[in-house]
Amino acid sequence: GIQVEQSPPDLILQEGANSTLRCNFSDSVNNLQWFHQNPWGQLINLFYIPSGTKQNGRLSATTVATERYSLLYISSSQTTDSGVYFCAVVNSNTGKLIFGQGTTLQVKP
Amino acid sequence: DTGVSQDPRHKITKRGQNVTFRCDPISEHNRLYWYRQTLGQGPEFLTYFQNEAQLEKSRLLSDRFSAERPKGSFSTLEIQRTEQGDSAMYLCASSAMRGRPVEQYFGPGTRLTVT
Numbered sequence: 016g017i018q019v020e021q022s023p024p025d026l027i028l029q030e031g032a033n034s035t036l037r038c039n040f041s042d043s044v045n046n047l048q049w050f051h052q053n054p055w056g057q058l059i060n061l062f063y064i065p066s067g068t069k070q071n072g073r074l075s076a077t078t079v080a081t082e083r084y085s086l087l088y089i090s091s092s093q094t095t096d097s098g099v100y101f102c103a104v105v106n107s108n109t110g111k112l113i114f115g116q117g118t119t120l121q122v123k124p
Numbered sequence: 050d051t052g053v054s055q056d057p058r059h060k061i062t063k064r065g066q067n068v069t070f071r072c073d074p075i076s077e078h079n080r081l082y083w084y085r086q087t088l089g090q091g092p093e094f095l096t097y098f099q100n101e102a103q104l105e106k107s108r109l110l111s112d113r114f115s116a117e118r119p120k121g122s123f124s125t126l127e128i129q130r131t132e133q134g135d136s137a138m139y140l141c142a143s144s145a146m147r148g149r150p151v152e153q154y155f156g157p158g159t160r161l162t163v164t
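If you're matching them up, the sequences are chains A and B in order. The numbering used here numbers the first residue of the first sequence as 16 and each following residue consecutively. The numbering used here numbers the first residue of the second sequence as 50 and each following residue consecutively.
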């Protein structure tokens with residue numbers, strides 16, 4: 016099956032810093048989602064991005080499907096950005112998501 | 050609130066007891082997914098429904114687990130004879146199906162603790 020790897024596993028930033036999270040996947044996929052999991056466990060949708068670049072406020076994402084990776088950029092980080100960030104690739108037939116192990120982000124004031 | 054809802058949010062049970070969780074998807078979504086997440090891991094797929102039909106079950110779903118979506122709306126996940134290894138967050142997600150799967154939206158999860 017498809018393997019999804021995220022890096023780095025842990026990241027500590029000072030408030031105001033920028034960061035890049037990476038997601039590599041082992042086979043071609045039709046789609047990819049980025050999530051932020053808050054401390055209560057809720058998965059919040061950030062991006063649904065099969066290819067190209069999308070932006071939403073301080074966050075943006077780029078997927079290069081032909082090279083099997085996606086990047087999540089966080090600019091001017093805030094303490095509320097802390098949490099775990101997951102990427103998940105979509106099985107094109109069933110729609111089920113295959114998740115990476117996540118990147119745990121801590122933003123210090 | 051028209052998002053995905055799950056009930057209960059927390060469940061503590063003793064080993065050997067049966068538990069049942071409920072998921073109410075976004076109303077116009079015909080696909081419903083169950084995932085399980087253990088500490089420090091990403092969610093793992095358990096099973097999914099298109100309308101009332103259960104189309105796939107993961108090998109993670111042992112015979113103690115059963116899921117239903119009787120009228121194609123809400124779904125239930127039952128675990129019989131719970132074991133300590135069943136302790137996890139159980140997540141439900143829904144999506145539309147328009148020729149191909151589209152974006153999934155998750156509920157808040159049910160956190161199960163088996164003592």
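Treat the hints as calculated values from the structure; they're not laboratory data. Check the hints yourself; a few may be wrong.
To give an idea of the interface, some chain A residues facing chain B are shown, with a C-beta separation under 10 Å as derived from the structure [stated by the list, open to error]:
1) V19
2) Q21
3) I27
4) L28
5) G31
6) F50
7) Y63
8) S66
9) G67
10) K69
11) N71
12) L112
Now the in silico label distances, taken between C-beta atoms and shown as ranges [what the hints assert, rightly or not]:
13) B:I75 x A:T109: 35 to 43 Å
14) B:T87 x A:S41: 20 to 28 Å
15) A:S90 x B:E117: 43 to 51 Å
16) B:A102 x A:Y84: 31 to 39 Å
Facing chain B, according to a computed beta carbon distance under 8 Å, are these residues of chain A, among others [as the list claims (entries may be wrong)]:
17) A32
18) T35
19) P54
20) P65
21) Q116
Beta carbons are placed, not taken as given, at the ideal position from N, Cα and C, and that holds for glycine.
Taking the hints in turn, this is what the structure says about them:
1. Hint status for V19 of chain A relative to chain B: holds, with the closest Cβ pair at about 8 Å, below 10 Å.
2. A least Cβ separation of about 8 Å between Q21 of chain A and chain B falls short of the 10 Å threshold, and the interface hint therefore holds.
3. For I27 of chain A, the suggested interface contact is broken, since its CB lies about 17 Å from the closest CB of chain B, more than 10 Å.
4. Checking L28 of chain A against chain B by beta carbon gives a least distance of about 20 Å; that is not within 10 Å, so the hint is violated.
5. A hinted interface residue such as G31 of chain A counts as satisfied when its beta carbon comes closer than 10 Å to some beta carbon of chain B; here the least separation is about 28 Å, so the hint is violated.
6. Taking 10 Å as the C-beta contact cut-off toward chain B, the hint placing F50 of chain A at the interface holds, the least distance being around 8 Å.
7. Given hint, Y63 of chain A at the interface with chain B, holds; its Cβ is 4 Å from that chain's nearest Cβ, closer than 10 Å.
8. Hint status for S66 of chain A relative to chain B: violated, with the closest Cβ pair at about 15 Å, above 10 Å.
9. Because the closest C-beta pair between G67 of chain A and chain B is about 15 Å apart, greater than 10 Å, the hint is violated.
10. About 12 Å separates the beta-carbon of K69 of chain A from the nearest beta-carbon of chain B, more than 10 Å, and the hint is not met.
11. Interface hint at N71 of chain A: violated, since its Cβ lies 14 Å from the closest Cβ of chain B, which is beyond the 10 Å cut-off.
12. For the restraint placing L112 of chain A at the interface with chain B, the shortest Cβ-Cβ distance is roughly 6 Å, inside the 10 Å limit, so the hint holds.
13. I75 of chain B and T109 of chain A have their C-beta atoms about 18 Å apart, which leaves the hinted 35 to 43 Å range violated.
14. Taking 20 to 28 Å as the suggested C-beta distance range, the pair T87 of chain B and S41 of chain A conforms, at roughly 22 Å.
15. For S90 of chain A and E117 of chain B, the hinted distance range of 43 to 51 Å is satisfied, since their beta carbons lie about 45 Å from each other.
16. Between A102 of chain B and Y84 of chain A the beta carbons are some 35 Å apart, a value that agrees with the proposed interval 31 to 39 Å.
17. The beta carbon of A32 of chain A is not positioned within 8 Å of any beta carbon in chain B (closest approach about 25 Å), and the interface hint is therefore violated.
18. With a cut of 8 Å, the hint placing T35 of chain A at the interface with chain B is violated, because the nearest CB-to-CB distance is about 19 Å.
19. At its closest, the beta carbon of P54 of chain A sits 12 Å from a beta carbon of chain B; the interface hint therefore is violated under the 8 Å criterion.
20. The closest approach between the C-beta of P65 of chain A and any C-beta of chain B is roughly 11 Å, which is over the 8 Å cut-off, so the hint fails.
21. Checking Q116 of chain A against chain B by beta carbon gives a least distance of about 5 Å; that is within 8 Å, so the hint holds.
Comparing the model with each earlier hint shows violations of hints 3, 4, 5, 8, 9, 10, 11, 13, 17, 18, 19 and 20; every other hint is respected.
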